[in-house]
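So the protein sequences, as listed, match chains S and L.
If you want my numbering, it's the 1-based position in the first sequence plus 7.
If you want my numbering, it's the 1-based position in the second sequence plus 278.
Hints may be right or wrong, so weigh each one.
[Claimed, not checked] In silico DSBU-like pairs for lysine-lysine, Cα to Cα no more than 30 angstroms straight-line:
hint, chain 1, residue 1, chain 2, residue 2
1, L, Lys466, L, Lys433
2, S, Lys90, L, Lys433
3, S, Lys171, S, Lys96
4, S, Lys96, L, Lys339
5, L, Lys339, S, Lys90
6, L, Lys339, L, Lys379
Hints in this document: simulated from the structure, not taken from any laboratory.
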Amino acid sequence: MGLLDRLDNPYEAGGIILGTIEDVLNWGRSRSDWYLHFGLACCAIEFMAMNASHFDFMRFGIIPRATPRQADFIMITGTVTLKMAERIKVLWEQMAEPKYCISVGSCANCGGPYWQYGYHVLKGVDRIIPVHVYVPGCPPRPEAMEEGMMKLQKLIDQQAIFRKRQRLAEEEALKEK
Amino acid sequence: MTTRKFIDIDFSRIESDRMRLNVGPQHPSTHGVLRLEVELDGEVVTDVIPHIGYLHRCFEKIAENVTYPQVIPYVDRMDYVSSMNNELPYVMAVEKLMGIKVPDKVEYIRVIMSELNRIANHQIAIATFGLDAGAFTPFLYLFRDREYILWIFEKASGARLLFNYFWIGGLANDVYPTFKEDVLNIVKQVRKTNQEIERLLIYNKIFIDRTANVGILPADVAINYACSGPVLRGSGVQFDLRKNEPYSIYDRFDFEIPVGKGEVGTVGDSWDRNIVRMREIEQSCRIIEQAVEQMPNEGDVQQAIPKKVRPPKGEIYFRCENPKGELGFYIISDGKDKPYRVKARAPSFVNLSVLPEISRGYLFADLIVILGSIDIVLGEVDR
């Protein structure tokens with residue numbers, strides 16, 4: 008659902024691309040996602056590998072940020088303990104809208120190998136924050152994380168910005184009545 | 279209280295308010311989820327209190343609930359950048375408790391895999407240490423090479439990071455046919471990169487200025503805090519379990535123990551701890567070359583695997599030289615198929631305890647460098 012995909016042949020039409028503003032905005036948003044530089048456990052090592060030479064995560068147009076206030080999405084890479092859960096909730100709330108979350112690895116998805124006997128683990132990070140994309144694996148390969156990233160880009164591409172605002176305005180108008 | 283040489287101010291005379299600063303647990307330079315409570319006098323660190331437990335994964339309690347072979351995946355996840363090395367002491371402890379003698383081929387494959395993983399671990403350690411000091415390019419070079427090592431692991435065991443490859447009495451499966459050639463090619467590549475990194479990072483003027491004479495750990499303090507691994511050897515103490523108390527087949531190889539000599543600064547500074555890792559990569563290459571040469575081609579790697587892992591009553595403490603230091607497992611068996619108690623002596627946890635001691639009196643920016651030079655993994659600190 009990218010901007011260019013909508014056209015059958017952009018060159019025959021005289022170099023003019025017709026699209027909605029929403030498409031342009033979404034295209035920009037999905038191709039320049041900044042993520043929070045934040046790793047938890049084993050998956051973070053694969054995450055580092057993904058940032059390095061062979062996989063080159065930055066070709067997706069993403070840049071690591073050290074503070075949640077500048078980040079568009081957060082990757083929960085690893086085991087979320089109950090002690091850490093509080094902190095993740097705070098980090099999530101510090102991020103500015105629109106914000107997204109990718110849950111990487113079995114531990115973040117559901118508790119992973121610690122699910123059965125662990126007294127410490129949060130059984131799925133989706134219990135405290137909303138998750139948009141799940142990446143399975145223990146740990147997932149870097150390719151799997153890239154796939155997750157592409158899924159998130161697709162999700163952002165399909166989002167409705169103005170229609171949502173319009174709908175919200177209508178709802179508020181209804182409330183006032 | 280020691281102060282850096284280029285600061286000619288006696289800070290003890292100036293009275294100022296102390297400031298408490300919180301670093302972490304989501305700070306990018308804390309190598310995971312470590313939280314540091316730092317007491318600052320202006321820019322100078324007066325005290326550091328590490329708060330741990332953000333990645334506590336109750337390894338010891340889980341080990342009591344699962345059978346002996348099922349513990350191995352959890353052992354993997356303790357120090358996740360050197361999983362092969364973690365499996366080795368656990369597997370060998372249970373084998374010793376049961377009195378199993380593994381075939382020669384298994385021992386050689388274990389040694390080769392452990393040493394390859396030691397190289398991979400040190401490459402991560404040097405790369406992230408460079409990142410802490412502000413050098414990004416060596417990170418890319420080292421991760422490129424580490425990926426080649428992971429390919430070998432992947433071909434042999436099927437996993438990139440957490441292997442479950444060493445089993446009690448053998449291996450999960452035999453290595454593939456071109457294993458030896460691949461390993462020798464890797465060794466060549468690692469040596470080449472080592473030379474590059476020495477020019478690019480280790481003897482770089484900026485890097486030396488950031489790390490030399492920073493975080494000096496005297497040998498007596500290191501011994502008193504029970505430090506081990508490169509942290510201990512960086513202080514000039516020649517102690518390596520592979521040499522001092524040879525386990526497995528390490529007595530068959532010819533290698534040296536590199537120690538810190540204070541080449542560009544004082545003995546036991548951050549630069550020394552880092553150079554020990556560089557030199558250890560070279561020694562690991564030597565061990566691998568000898569092991570590949572001596573390794574027998576014939577042999578069944580699963581021949582000694584017991585049908586039922588049920589060690590007799592008793593207890594054992596077995597330790598190995600991990601890339602981070604001495605990793606020991608204390609196992610109590612009550613004759614059942616599940617261990618009664620498994621205690622892990624984690625090197626990162628012990629090495630981290632020396633941080634407040636060596637970071638007092640340095641600038642706050644140096645604290646990050648000192649923490650990076652200790653090379654901790656939080657999965658092992660908290661377990």
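Okay, the hints, checked on the actual structure:
1. Lys466/L / Lys433/L: This hinted pair holds, its Cα atoms lying about 19 angstroms apart.
2. Lys90/S / Lys433/L: 37 angstroms, violated
3. Lys171/S / Lys96/S: The hint holds at about 26 angstroms.
4. Lys96/S / Lys339/L: 27 angstroms, holds
5. Lys339/L / Lys90/S: This hinted pair holds, its Cα atoms lying about 18 angstroms apart.
6. Lys339/L / Lys379/L: 29 angstroms, holds
Hint compliance for this structure: hint 2 is the single one not met.
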